Every structure is written in C-alpha cells, then in structure tokens.
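Protein sequences appear in the order of chains A and B.
For the first sequence, position 29 matches number 29 in the numbering used here, and the numbering has no gaps at all.
With positions in the second sequence counted from 1, the corresponding number in the numbering used here is that position plus 1000.
Calculated directly from the structure, the hints in this document are not laboratory data.
As the structure is a prediction and not an experimental result, all values here were calculated from the model.
Any given hint could turn out to be false.
What the hints assert, rightly or not - Distance condition first, Cα-Cα at most 20 Å in a straight line; then the derived PhoX-like pairs of lysine-lysine:
1. A/Lys41 / B/Lys1071
2. B/Lys1056 / B/Lys1068
3. B/Lys1106 / A/Lys41
4. A/Lys20 / B/Lys1042
As the list claims (entries may be wrong) - Here are some chain B residues the structure puts well away from chain A; computed CB gaps all over 10 Å:
5. Ala1029
6. Ile1034
7. Gln1045
8. Gly1059
9. Val1062
10. His1072
11. Ala1079
12. Pro1082
13. Leu1102
14. Asn1103
15. Lys1106
Virtual Cβ for every residue (Gly too), placed ideally from N, Cα, C.
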Amino acid sequence: GAVVSQHPSRVICKSGTSVKIECRSLDFQATTMFWYRQFPKQSLMLMATSNEGSKATYEQGVEKDKFLINHASLTLSTLTVTSAHPEDSSFYICSGAQGANYGYTFGSGTRLTVV
Amino acid sequence: GESVGLHLPTLSVQEGDNSIINCAYSNSASDYFIWYKQESGKGPQFIIDIRSNMDKRQGQRVTVLLNKTVKHLSLQIAATQPGDSAVYFCAVIPFPNSGYALNFGKGTSLLVTP
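Use the sequences and the hints to build the structure in full.
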C-alpha cells in the first residue's frame, strides 16, 4: 500500500533554532500534502495544505512565516519550524493524498521538543 | 464549519467483548468517513471507511455504521483484543472530491483489559 516516510521521528532543539521535518511519499505521487499538529491527548489539527508546485494554504491562526512548507516535488514535502519556542513542542504529522483518490496516507509523525 | 465529535472520551472493555465507538458530525453534505487508530507516538492508521451512499461496511473484526438521518457514525470492533488498545478517531471530508483535508473528531481512548 501507499507509504509516507516521515523524518525525523523525534527531535529536540534549542529555543530559537529551526527544525525541518520531511515527508516522502514512497510509492505514489502526493499531489497534496496536509500537515497536522497534535498536542497531548488532543486530536489532529490541520495546520496547512500544500499542493505540489504551489504555495501552501494555512489554517487560521497558523503563522505561515513560522511554519514554512515546501512541496517542490510530488514525492517530497517539508515543514520547517523557524525560531522554535517551547510552545511549538508538539507531534507533527503529514498526510499525502493522490489527486482525486480519497486515500490519505499518514506519516509516522515527528515529536518535536523545544527546550 | 464541520463539527465532528465523539460521545465518549474513554472506553474500557474486557478482552473478548465487543466495542462500539461513536461519532457525530454536523454537515449533512459530508461524503466520506474514515476511522483511524492511533497508537501512542505513531501516526493514524487507517481502519475502515464508508461513503455516504452506504450505511454499513464490514472489515476484518470491524464494522462501520453510518446513519445519515441523525448524522451519526459508529465503529464496532468484535472480540476486542489487547492490541486494539489505542485512540480511535473518526474523520470526515465535508465535500466530495474537493481536496479538502480530513476533519478529525476528538478521539476515543479504548482500553482493553484482560
């Protein structure tokens, strides 16, 4: 089946630094990549939607200059958390979708801890 | 916007019993519904899905029921096993074939006791 490889699985960074999270669709072309954030014991909250070759669309309240999303190819999307702060500590999950196919394939998530 | 909620935040069942997890949605135009299982520290894992033109769909030990009249969705797990312990989310697409992101419910934590 479709697989999205997400790396790193966990990362600890110092406050003020930037962290990049990668999601690769291994056996399908992810024309759309969704990025979610999940705080402990909460549901997945959509941060942004990116279509290959286009600028990402951010949900209300999500700072586009802080959470930089790049979707330059059909198999790779990245989320960069810039100038990270402790409140950015969360579980970040990507999900790839292939065109009009309703299938949504999730990555394994990245646990970000900002100290 | 879409409102997706779950009736019970936690559910404890004994091993071997059947589990029922419920979900309500608000948008009657919703077309596609998915149940996901999420284990601690992992991404959501697809369990089963159903389109709005169906009211029941069965998989291996799981059944999803859709009641469009009352906008209610349920996941039934037969003969629940310890490995079923996880958080379960229902997810909804508000409109069909639109590229919309999945809208997730709050989640129900299922605990299977021996």
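Comparing the hints with the structure gives:
no. : hint                  : verdict
1   : A/Lys41 / B/Lys1071   : 25 Å, violated
2   : B/Lys1056 / B/Lys1068 : 11 Å, holds
3   : B/Lys1106 / A/Lys41   : 9 Å, holds
4   : A/Lys20 / B/Lys1042   : 19 Å, holds
5   : Ala1029               : 15 Å, holds
6   : Ile1034               : 7 Å, violated
7   : Gln1045               : 8 Å, violated
8   : Gly1059               : 14 Å, holds
9   : Val1062               : 17 Å, holds
10  : His1072               : 18 Å, holds
11  : Ala1079               : 25 Å, holds
12  : Pro1082               : 21 Å, holds
13  : Leu1102               : 6 Å, violated
14  : Asn1103               : 8 Å, violated
15  : Lys1106               : 5 Å, violated
In summary, the numbered hints that this structure violates are 1, 6, 7, 13, 14, 15.
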